[in-house]
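Colleague: Residues per chain, in single letters:
Protein chains: 2
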Amino acid sequence: MASQQLLVAPPKGLRRPLVLPYQLLLGPGPSNLAPPMQVAGGQRMIGHMHTSMFQVMDEIKQGIQYAFQTQNALTLVVSGPAHCALETALCNLLEPGDAFLVGANGIWGQRAAEIGERLGARVHPMIKDPGSYYTLQDVEEGLNQYKPALLFLTHGESSTGVIQPLDSFGELCHRYKCLLLVDCVASLGGAPLYMDQQGIDVLYAGSQKVLNAPPGMSLISFSDRAKSKVYNRKTKPFSFFMDVKLLANIWGCDGQPRMYHHTVPVIGLLALRESLALLAEQGLERSWQRHHEVTQYLHRRLQELGLQLFVKDPAFRLPTVTTVVVPAGYRWRDVISYVMDHFSIEITGGLGPTVGKVLRIGLLGCNATRENVDRLADALREALQHCPQHQL
Amino acid sequence: MASQQLLVAPPKGLRRPLVLPYQLLLGPGPSNLAPPMQVAGGQRMIGHMHTSMFQVMDEIKQGIQYAFQTQNALTLVVSGPAHCALETALCNLLEPGDAFLVGANGIWGQRAAEIGERLGARVHPMIKDPGSYYTLQDVEEGLNQYKPALLFLTHGESSTGVIQPLDSFGELCHRYKCLLLVDCVASLGGAPLYMDQQGIDVLYAGSQKVLNAPPGMSLISFSDRAKSKVYNRKTKPFSFFMDVKLLANIWGCDGQPRMYHHTVPVIGLLALRESLALLAEQGLERSWQRHHEVTQYLHRRLQELGLQLFVKDPAFRLPTVTTVVVPAGYRWRDVISYVMDHFSIEITGGLGPTVGKVLRIGLLGCNATRENVDRLADALREALQHCPQHQL
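Respectively, the protein sequence lines represent chains G and U. Taking our numbering, the leading residue of the first sequence gets 1, the next gets one more, and so forth. Taking our numbering, the leading residue of the second sequence gets 1001, the next gets one more, and so forth.
Accuracy of the hints is not assured; some may be wrong.
Stated by the list, open to error - Dumping the calculated EDC-like pairs for lysine to aspartate or glutamate here, alpha-carbon to alpha-carbon at most 16 Å:
id	chain 1	residue 1	chain 2	residue 2
1	G	K234	U	E1117
2	G	K236	U	E1117
3	G	K12	U	D1334
4	U	K1147	U	E1095
5	U	K1177	U	D1098
6	G	K177	G	E141
7	G	K147	G	D98
8	G	K177	G	D224
9	U	K1234	U	D1098
10	G	K177	G	E140
11	G	K236	U	E1114
12	G	K357	G	D129
13	U	K1312	U	D1129
14	U	K1177	U	E1141
15	U	K1012	G	E141
16	U	K1245	U	D1224
17	U	K1236	G	E114
18	U	K1177	U	D1224
19	U	K1128	U	D1138
20	U	K1234	G	E140
21	G	K236	G	E114
22	U	K1357	U	E1371
23	U	K1234	U	E1095
24	G	K128	G	E141
25	U	K1236	G	E117
26	U	K1012	G	E95
27	U	K1245	G	E114
28	G	K12	U	D1058
29	G	K245	U	E1114
30	G	K147	G	E95
31	G	K234	G	D98
Stated by the list, open to error - A few chain G residues that don't get close to chain U, going by computed Cβ distances all over 10 Å:
id	residue
32	R122
33	Q145
34	D378
Calculated from the structure, these hints are not laboratory results. Beta carbons: idealized from backbone N, C-alpha and C, even for Gly.
Kindly produce the complete structure, drawing on both the sequences and the hints.
Modeller: Below, the structure written as structure tokens:
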């Protein structure tokens, strides 16, 4: 059978049984799995091109339409994390030379700009300090100056803790013949969002935040305006894997018989279906309300500990991910390590422009409870008592 | 809380409890999950940037090095299906204008050619009939004529059922300053393969075939030669999500502290770790031997039924996926439907250039047993008795 000798031996590390720590994941995501999603992850496989799977996929599409509040037919799951959804949006919507206006007030805008550049777009980042958001006036200036084909905004800016208002931005963009692309990875299910009513042309989210499903899949939807841009491109997108026309077919969005494109992540999709079912059962408005209330409660508990919120204006604080100013004299790494080592709770430091400046706390989906806030507040109190303080 | 009315109601389909049929997946993949991988899928989440997860990722890398028989440090998992791994390889290895020689004797070569074109390479497909393979002489002619930067070959051509010999192809390519990229999605663990000894520069596989893990992840490894090409590019790859330099960091391949790039598919990776552990425990050689023997047994049983194998020369029949000529007078759809409807066994029709010509049967990993062959042979005998025959 074997024509040659095996030169690489079986690794010893794989002999160890897989033992996982229990962690309460109160960082900006991924969050813990809710029980139905954990159960679904342990399901058996079914054929990826069978009617049972197509039914699951159809139900997922309907679940996304509900979660996004859209009637877009071109609604599907990308078989990759939310970065892949962002790239799917950009590589289908932008052609080389297109002007691309980017709200760059945190890491997600920075990344959208970087991807736009790789794709050969003329990228115009509207750079703002972390913690800020964009007004209609800011955007209109950019639209006027650059005549972009596409504007990128982040609804839930999880690196800074800001929520971006979205009312009237779609309408404004459309007046300038610009499409509106919105990242709602960190906000979906946690803050009010109405894709159709807000005139959002492309919206995407991840599976591993408020939805409490396993990471590795992302939700995306295209308005008719966006679809028309995609279907009337002069050039093929660089990516075959992320080509929306091909994905539209396998997700049954184009009315044609489904053809094999790639193998969808069957097991992950079963879990995602369950998470969308749970959200539909609870209702979006109740979920928004719960995240709002529990995060308000977190803010009170943090302020009682003498901690300062990074986003000054309460109206622009994200109801899912909270940014806390690193308390004076402390090293951020000490605090998050203390909370993990002594309480098995994950919170994280900053990301991109907020590294070293903030701690980040996420209350996402099933993790958004007052009990979890209390556990974390107790842990933080103890961390502040025990972590070394330094003269800065 | 909510500023507007919800216009999209919770979908009724999601109220239905998720009930999955039992299916024995004897198509070309995905295969059924082996029990440890199914259990791992039901595990709880852990933080994606925590030491426990980094340990799992390191063990996975070692498992891939064993499965691929390589010592390449640049070995990792792509957070997407094998199509994403192919695109990752091509978008990092090819720069616009590079000559790309493609073994196009089935669907995978066709797709590699299509992606190469989208990336702006000068693509030279060596078109051959489905069922054929490439000799050293075929390849040397192409190397001579086109002076390509990269050659693509498919080890296990699952659309045609052919196994491509690989000995000496790497050496030949290197004499012509060409890199060798090999797709082993359908063969890994089922047929002898020695990445380093065979001089393969980039090798990739999926999780959902012989490894019996959930679909949605893919394994990839780069030789030092390939790494040098990637790290000395003049242009950035079009993709940020698939940029190997960034992936190398998050997978701990570059000796630098790991930085957040994207959220890896934690739950899927736990299952993949278990499947690599199982392969290491069983041993590659035993796995190759088992696939060879069980598939030989399948071939005997099929021939007893009067069925004809699509690949004439037994030496070039893939020991994982078998192609059977659609029996004269029958419609292929009738046969596969009968077997699914009456026995809950999945087999499939052809793909790409073999559509309408063959049935495809996969014996992958834990599914490769004589008992499964007997079940399928019984089902096929009955199908041939009951499916309508047509005058052609």
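Colleague: Please go over all the hints and tell whether each is borne out by the structure.
Modeller: Hints, verified against the model:
1. Taking the CA atoms of K234 of chain G and E1117 of chain U, the gap is near 15 Å; set against the 16 Å cutoff, the hint holds.
2. For the given pair, K236 of chain G sits about 10 Å from E1117 of chain U by alpha-carbon distance, which is consistent with the 16 Å threshold.
3. The straight-line distance between the Cα atoms of K12 of chain G and D1334 of chain U is roughly 48 Å, outside the 16 Å bound, and the hint therefore fails.
4. Taken as a hint, the K1147 of chain U and E1095 of chain U pair is honoured in the structure, with Cα atoms around 15 Å apart against an allowance of 16 Å.
5. Taking the CA atoms of K1177 of chain U and D1098 of chain U, the gap is about 13 Å. The hint holds against a cut of 16 Å.
6. A distance of roughly 14 Å separates the Cα atoms of K177 of chain G and E141 of chain G; the hinted pair therefore holds under the 16 Å criterion.
7. A C-alpha spacing of about 9 Å is found between K147 of chain G and D98 of chain G, which places the hinted pair at or below 16 Å, so the restraint holds.
8. Note on K177 of chain G and D224 of chain G: the hinted pairing holds, with a Cα-Cα distance of about 14 Å set against a maximum of 16 Å.
9. Between K1234 of chain U and D1098 of chain U the alpha-carbon distance is near 12 Å, which keeps this suggested pair within the 16 Å criterion.
10. The suggested pairing of K177 of chain G with E140 of chain G holds, with an alpha-carbon distance near 12 Å, which does not exceed 16 Å.
11. Annotation: proposed proximity of K236 of chain G to E1114 of chain U holds, straight-line Cα distance about 10 Å (limit 16 Å).
12. Note on K357 of chain G and D129 of chain G: the hinted pairing holds, with a Cα-Cα distance of about 13 Å set against a maximum of 16 Å.
13. A C-alpha spacing of about 13 Å is found between K1312 of chain U and D1129 of chain U, which places the hinted pair at or below 16 Å, so the restraint holds.
14. Taking the CA atoms of K1177 of chain U and E1141 of chain U, the gap is near 14 Å; set against the 16 Å cutoff, the hint holds.
15. Taken as a hint, the K1012 of chain U and E141 of chain G pair is broken in the structure, with Cα atoms around 44 Å apart against an allowance of 16 Å.
16. This hinted pair checks out: K1245 of chain U and D1224 of chain U have alpha carbons roughly 13 Å apart, not beyond 16 Å.
17. For the hint pairing K1236 of chain U with E114 of chain G, the CA-to-CA distance comes to about 10 Å; that is within 16 Å, so the pair holds.
18. Taken as a hint, the K1177 of chain U and D1224 of chain U pair is honoured in the structure, with Cα atoms around 14 Å apart against an allowance of 16 Å.
19. Taken as a hint, the K1128 of chain U and D1138 of chain U pair is honoured in the structure, with Cα atoms around 10 Å apart against an allowance of 16 Å.
20. Proximity of K1234 of chain U to E140 of chain G is assessed by CA-CA distance (about 37 Å); at most 16 Å being required, the pair is judged violated.
21. With a C-alpha separation of about 20 Å, the suggested pairing of K236 of chain G with E114 of chain G is violated against the 16 Å cut-off.
22. Under the criterion of a C-alpha separation no larger than 16 Å, the hint pairing K1357 of chain U with E1371 of chain U is inconsistent with the structure, at around 27 Å.
23. For the hint linking K1234 of chain U to E1095 of chain U, the alpha-carbon distance of about 8 Å falls within 16 Å, and the restraint holds.
24. A C-alpha spacing of about 14 Å is found between K128 of chain G and E141 of chain G, which places the hinted pair at or below 16 Å, so the restraint holds.
25. Note on K1236 of chain U and E117 of chain G: the hinted pairing holds, with a Cα-Cα distance of about 10 Å set against a maximum of 16 Å.
26. Pair hint K1012 of chain U plus E95 of chain G does not hold up; C-alpha atoms about 39 Å apart against a cutoff of 16 Å.
27. Pair hint K1245 of chain U plus E114 of chain G holds up; C-alpha atoms about 15 Å apart against a cutoff of 16 Å.
28. For the suggested pair K12 of chain G and D1058 of chain U, the alpha carbons sit about 12 Å apart, so the restraint of at most 16 Å is met.
29. At most 16 Å may separate the alpha-carbon atoms for a hinted pair to count; K245 of chain G and E1114 of chain U meet this at roughly 15 Å.
30. Using a Cα cut-off of 16 Å, the hinted pair K147 of chain G and E95 of chain G holds, with the two alpha carbons roughly 15 Å apart.
31. A distance of roughly 12 Å separates the Cα atoms of K234 of chain G and D98 of chain G; the hinted pair therefore holds under the 16 Å criterion.
32. Its beta-carbon lying about 16 Å from the closest one in chain U, R122 of chain G satisfies the requirement of being farther than 10 Å from that chain.
33. No Cβ of chain U approaches the Cβ of Q145 of chain G within 10 Å, the least distance being about 26 Å, so the stated non-interface status holds.
34. Annotated as non-interface, D378 of chain G keeps its C-beta farther than 10 Å from every C-beta of chain U; the closest such distance is 20 Å.
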